Amino acid sequence: MSSFTRRKFLKISAATVTVASGAAVLSKHSVTPAQAAKRPATGVQRIPTTCDICFWKCGAIASVRDGVLWKIEGNPDDPLSRGRLCPRGTGGVGAHFDPDRLRRPLIRRSDRGRDAWHEVSWDEAFAYIAKKMHAIKAAHGPEAVALFSHGIGGNFLKHTLKAFGTPNMAAPSFAQCRGPRDTGFRLTFGEDIGSPERTDIKNAQCLVLIGSHLGENMHNSQVQEFADAVGNGATVIVADPRFSIAAGKAKHYLPIKPGTDLALLLAWMHVLVQEGLYDKEYVAKHGFGFEQFAARLATFTPEWAYPETGIAPDVIRATAREMARHKPATLVHPGRHATWYGDDAQRSRAIALLNALLGSWGSKGGFYTPASMDVPAYPYPAYPKPARPKVDNPDHRYPFAHETITTGIREATITGKPYPVKGWFVYATNLLQALPNEQETIKAIQNLDLLVVIDVVPSEIAGWADVVLPESVYLERHDDLNVELFREPFVALRQPVVEPPGEQKPNWWMAKRLAETLGLGHFYPWKDIEEYFAHRLTAAGLRYEELKAKGILRGAAAPIYAADGVPLTFETPSGKIEFYSPQLEQAGFDPVPVYRKHEEPPPGAFRLLFGRSPVHTFSRTQTNRVLADMMDENEIWVNADVARRLELKSGEYVRLRNQDNVLSNRIKVKATQRIRPDCVYMVHGFGHTAKGLRHTYLKGASDSQLVTRYATDPLMGGTGMNVNFVTLEPEATRV
Amino acid sequence: MVIDTVRCVGCMDCVVACKTENNVPEGFNRDWIAYDVQGEFPTLQMEIRSERCNHCDAPPCVYCCPTGASHVHDVGGVVLVDYDKCIGCKACVASCPYGARFINPEGYAEKCTFCIHRVEEGLDPACVSVCPTHCMHFGDLDDPNSEVSTLLASRRHHTLMPEAGTKPRIFYLT
Chain A
1 MSSFTRRKFL KISAATVTVA SGAAVLSKHS VTPAQAAKRP ATGVQRIPTT CDICFWKCGA
61 IASVRDGVLW KIEGNPDDPL SRGRLCPRGT GGVGAHFDPD RLRRPLIRRS DRGRDAWHEV
121 SWDEAFAYIA KKMHAIKAAH GPEAVALFSH GIGGNFLKHT LKAFGTPNMA APSFAQCRGP
181 RDTGFRLTFG EDIGSPERTD IKNAQCLVLI GSHLGENMHN SQVQEFADAV GNGATVIVAD
241 PRFSIAAGKA KHYLPIKPGT DLALLLAWMH VLVQEGLYDK EYVAKHGFGF EQFAARLATF
301 TPEWAYPETG IAPDVIRATA REMARHKPAT LVHPGRHATW YGDDAQRSRA IALLNALLGS
361 WGSKGGFYTP ASMDVPAYPY PAYPKPARPK VDNPDHRYPF AHETITTGIR EATITGKPYP
421 VKGWFVYATN LLQALPNEQE TIKAIQNLDL LVVIDVVPSE IAGWADVVLP ESVYLERHDD
481 LNVELFREPF VALRQPVVEP PGEQKPNWWM AKRLAETLGL GHFYPWKDIE EYFAHRLTAA
541 GLRYEELKAK GILRGAAAPI YAADGVPLTF ETPSGKIEFY SPQLEQAGFD PVPVYRKHEE
601 PPPGAFRLLF GRSPVHTFSR TQTNRVLADM MDENEIWVNA DVARRLELKS GEYVRLRNQD
661 NVLSNRIKVK ATQRIRPDCV YMVHGFGHTA KGLRHTYLKG ASDSQLVTRY ATDPLMGGTG
721 MNVNFVTLEP EATRV
Chain B
1001 MVIDTVRCVG CMDCVVACKT ENNVPEGFNR DWIAYDVQGE FPTLQMEIRS ERCNHCDAPP
1061 CVYCCPTGAS HVHDVGGVVL VDYDKCIGCK ACVASCPYGA RFINPEGYAE KCTFCIHRVE
1121 EGLDPACVSV CPTHCMHFGD LDDPNSEVST LLASRRHHTL MPEAGTKPRI FYLT
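From first to last, the protein sequence lines stand for chains A and B. Number 290 in our numbering belongs to position 290 of the first sequence; there are no gaps in the numbering. Number 1151 in our numbering belongs to position 151 of the second sequence; there are no gaps in the numbering.
The hints are simulated quantities; they were obtained by calculation from the structure and are not laboratory data. Note that this is a predicted model, so its numbers are computed, not measured. Be careful, since some hints might not be right.
According to the in silico footprint, chain A covers these stretches of chain B (three or more CB under 8 Å from chain A) [said to hold, decoys possible]:
#1 1020-1026
#2 1049-1061
#3 1143-1149
Result set (EDC-like, lysine to aspartate or glutamate): computed pairs, CA atoms no more than 20 Å apart in a straight line [as the list claims (entries may be wrong)]:
#4 257(A) x 1040(B)
#5 670(A) x 1142(B)
#6 649(A) x 1074(B)
#7 251(A) x 1036(B)
#8 649(A) x 1040(B)
#9 576(A) x 291(A)
#10 550(A) x 374(A)
#11 417(A) x 449(A)
#12 1167(B) x 1142(B)
#13 251(A) x 1026(B)
#14 251(A) x 1047(B)
#15 670(A) x 1047(B)
#16 550(A) x 531(A)
#17 699(A) x 1040(B)
#18 670(A) x 1040(B)
Even for Gly, the Cβ is constructed at its ideal location relative to N, Cα and C.
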């Protein structure tokens, strides 16, 4: 590691850290900060806004008591939260009070031998960034600047960078998460699943979950609907190497061998077709290439799948028949984090095809057709046309990637091909934990002339930056309007509830000031973001003042099911559901998914699986003291019999060593019956190595550190990350 | 209070809501999640429970309190602690079979109050009001027509450690 000169993590001087209780001041909506300092408001104010602890953007109402943020609850008018937030949203108060927050803009000085961070003014920071950006543009063109961002907060930065002239902007949510799923569904139905997912969980009579963390992954609307479905007595079928929360609710729990889900899906489809249990009318009306599809399924019998998956043939048949019994109200959930083995788009396509056989696409209890409000975009000047195409996917190497590939930008930054990338902006995503193989990320960073990180805490990626811009947390800022595509149309507003405790600024302000410093001020014709909101809402026939008061404006609900008159149309080449895909065949891929074996862990090693906790989002909430009190380090789940054999007990520390000899930080053992013996599991987001994250520094282990290998999906460039193997080393005996 | 273990996913929203509503100090919580796993992989049963003070009808914490700080409140028979009378002797902490009490860093015994300040305003306790799975129900067990009574009449349920003789008043639907 010492060869990397930029490995300088943030040091925040004690003087810049104020105590939490003194940090909060009044809402903008009552008095100015100056007034607040003199005269704290008394009583409780309730201000509607939207949550940003994850990207679900639930409607929330924050209570400010005597000028200090007190609590956050769901907004009953909000279709996403239905008046109830998830634990992270409820614990969002901890984000505002977090004593580990970034407070002032920081610039790394050129003397890289020492840890030289200087606090600077915002003007100095923008002047520095603009100078570097102009130099990059002069030498390499504007396309040599790229943006990595996550969530709605990145919208204005995207606008500034498009105005600058680059097309290179990506989010890990595609190539490291839901990308393969959306590609698989697009190839089949011609449409994405979207986010929030268009899954009608609450009306499902049979819900099939494959490796799902529903209930652990707290996507609020989905978990609420899951509880509704379970409460209504829906039949739940769960295939998972781990006895998940969802498995605890299942009628059928299938303890599948990791990496063999596609074999199970093919066998299920084989049973439905062979026994004539599929929705024949639906398939005849909407399907394309069914006969070729059915012929290719012939050999995928439950008996063939048994040795692959470990699931007995009679269980495969019984669960397939159960799905057929409830069709079309059987929902085979497409999942979300789908980057597992590198053949993920094809696995997702198999999930899409299974749903197609059951007639669930367009049906109540299956997949509904979402609606959104028509809120026109702001009429900005036209962006300059980039001279070169996006850098991430040269020659359409991944022909079915419909979004930008983060790891493609990273690779171009390392190789300089198809053209050099010399500047990165990173907004609200901790790239060192979000992308696989952190050494590749570090290698790319070494090639940069400029790395700007915008974050709320001194994350690992901030530690590598040249400039760190401290953002106000969501409770202290406006963000872009959320015009959601969901069960019913609505628009929601995020607005400040309290003032930031330091010099933190909202992203829209940074994006606008940066544009002005770059000489691109004409791309921001509005004075402030409220003027921007008013303009867009007026164009939509809505009133900003009303949205400000209510937080949510709902449109007229429209039918969402085919049975209620929503036309079923498919944006595929054939205009139908493609059971057999000529476009895949033409591109040299399997037109019907085919199962291929994945490498198995060598003797004595375990496949490393990772997932979610309901109280944390990625690697960004571990310093939130309220949420840290719920869970402040992760554990490694080890099958109880395996743990006994290895003489490991729950609560003892081990380190994990992967196939490339990378050794993790220490992590507590959780010896449990709830996992297969051939794999181990941990919650993602812990094992932080940035010292500025004082509360969580070196607590637990980081799965991303151990994900040195990844299998790239040839269809869309997703990075399958469940292909790493580890051994366990007791902490006491470590040399 | 009636809690539906079938709907509960153990997300801890109840724990977080209690913390912010009641300013529970860092490092402590008044409620928690219990995972009761039975069987051997892969044939397992799991019951997930949101647990807290059971506001027992026969409360050992009240019986053992030397100062009268722990008491049964007039409204709804809620078991409360009068922080001014509490001397932090920990007798109640030791007597509670559910581990529901802790000593606040300021020196007094603290635990779930059923959010009596909310209940007296006609609101549900914070944990009940936030639960995204709607698995928790609060109401009058003496009223046969209340939601909680109706649920207990129609669903199988159990309490925690009935053998301790504390007559707990939180019921878990299974």
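* So which of those numbered hints doesn't the model satisfy? -> 2, 3, 5, 6, 13, 17
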